[in-house]
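Trainee: So you can see what is in the structure, the chains are spelled out below.
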Amino acid sequence: MVGLATARALAQGRSNPATLLLERHGSVGTETSSRNSEVIHAGLYYGPGTLKTRLCISGKEKLYDFCAAHGVSHAKTGKWIVAQDEAEREALERLHTVCRDEIGVPTRWVGAKEARNEEPSVRAAAGVLESPTTGIVDSHGLMVALQGELEEAGGVVAVNSTVTAIEPIGGASRPGSGGWRLTVRDSITGQSSTIEAETIVNSAGLNAAEVHNMIVPAERQTRLYYAKGNYLSYSASSPKVKRLVYPVALPGAGGLGTHLTLDLAGRIRFGPDVEWVDDPSNLTVNTERFSDMLAAVRRYLPGIEESALNEDYAGIRPKLGKAGAVNAGKGFFDFHIKIEDGYEGWVNRK
Amino acid sequence: MKAGLTVSNSHALGARESTNSSCYVVLGIESPGLTSSIAIAEYVRDLFYRSRGGQEI
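One line per chain: the protein sequences are A and B, in this order. Read left to right, the first sequence gives residues 24 to 373 (this note's numbering). Read left to right, the second sequence gives residues 61 to 117 (this note's numbering).
A couple of the hints might just be wrong.
Covered, in the sense of this in silico footprint (three residues per stretch, anywhere, with C-beta under 8 Å from a C-beta of chain B), are these stretches of chain A [what the hints assert, rightly or not]: (1) 31-40; (2) 55-62; (3) 79-85; (4) 361-372.
It should be emphasised that the hints constitute simulated quantities derived from the structure, not laboratory data. No residue lacks a Cβ here, since even glycine has one placed at the ideal position from N, Cα and C.
Chain A extracted, bound-state conformation (with noise of 0.2 Å):
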């Protein structure tokens, strides 16, 4: 998604810029794209002075604009973030402070009045604390808007096209200043080609830290970790909720916690957990999984029917760190969307 919407907007540059967009899969968006929630973040969750705050408060804006100009199907949910206990409450009413004061995200808190009449399947035994502006949105649908707003303004799809090596063109005092030449190898014929490129964007989702390791010294090789979130769909009519919930993450946990989220025909579906795996390619629901998803979706929604819980999809987040490095205290891993240091003419996103 991001690479898509980044390509589109070199594309549309006032010097009308050829634009090539690089996929080794057969259409784009089928890694994390198109294996998630979808749905659209408030920036409730990324602290002051963040890329991610940043970014996202000023995104969710321009998404919500972008679909309803474009007619792509979307909706302003609103979301519940419940509590079931005093400790889940003091961490919402500090999320409330930091959103009032610090980021400027709405947030409201729900009297229980208005959330037993409101959600009366929904647990919330301290409170409810209510993100209006949080959405969702068809994936699917977006794509095709950028893809075709890409290709309008000259730019180009490559699908198949997996880059198999990058070499920056100039003198080693400054690599990259004289464009960068790629190795593309056809994924269908296994024929490899050359391109060279102005400048580059590393917007590889899963594969960000091999395009990146492509071009950088050893010393400055990196790596990326895989969070697989696995989703139930859900398909008893009762319980029926008419928003997203979410529970106040639990100390120590690595996600938002298993999340009941809609789709835009209003179906329920649960999830993603958070099951850290070497292998980004495995995307087979992990069905040992059920139960903890269960119980974590009973804490908010004690009246679902475990016959109407059926196995949906996974997907892999890539992630710059492990939750277990930042219990440490290791440090934020916010965007990383630079100009890489030592080079010209590449950007980097991982």
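Starting from the structure of chain A, add chain B where the hints point.
Mentor: Here is chain B on its own, set in the frame of chain A:
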């Protein structure tokens, strides 16, 4: 960083940093890539713009 909040890693709320009980640690996994996609794209375009001495792409 304002008192009471330490951004220690992306996202989910829920833990206090063991070395400082007044700090709030932001943990988690969810990244707002989809939500931020158009804003990121414009950010990248601006990076190129600045790197070219203000010459429009």
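Trainee: Checking C-beta pairs, does the region 79-85 of chain A have three or more residues closer than 8 Å to chain B?
Mentor: Coverage by chain B holds here, the residue count being 5 at a Cβ distance below 8 Å.
Trainee: Do three or more residues of the region 31-40 of chain A come closer than 8 Å to chain B, measuring C-beta to C-beta?
Mentor: Holds, because 7 residues of the region 31-40 of chain A bring their Cβ atoms closer than 8 Å to Cβ atoms of chain B.
Trainee: State whether the coverage of the region 361-372 of chain A by chain B holds or is violated, taking the criterion as 3 or more residues with Cβ-Cβ distances under 8 Å.
Mentor: This one holds; 6 residues, not fewer than the three required, reach chain B with a Cβ under 8 Å.
Trainee: Confirm or reject the coverage of the region 55-62 of chain A by chain B under the rule of 3 or more residues with a beta carbon closer than 8 Å to the chain's beta carbons.
Mentor: holds (count 5)
Against the hints set out earlier in the document, no violation occurs for any number.
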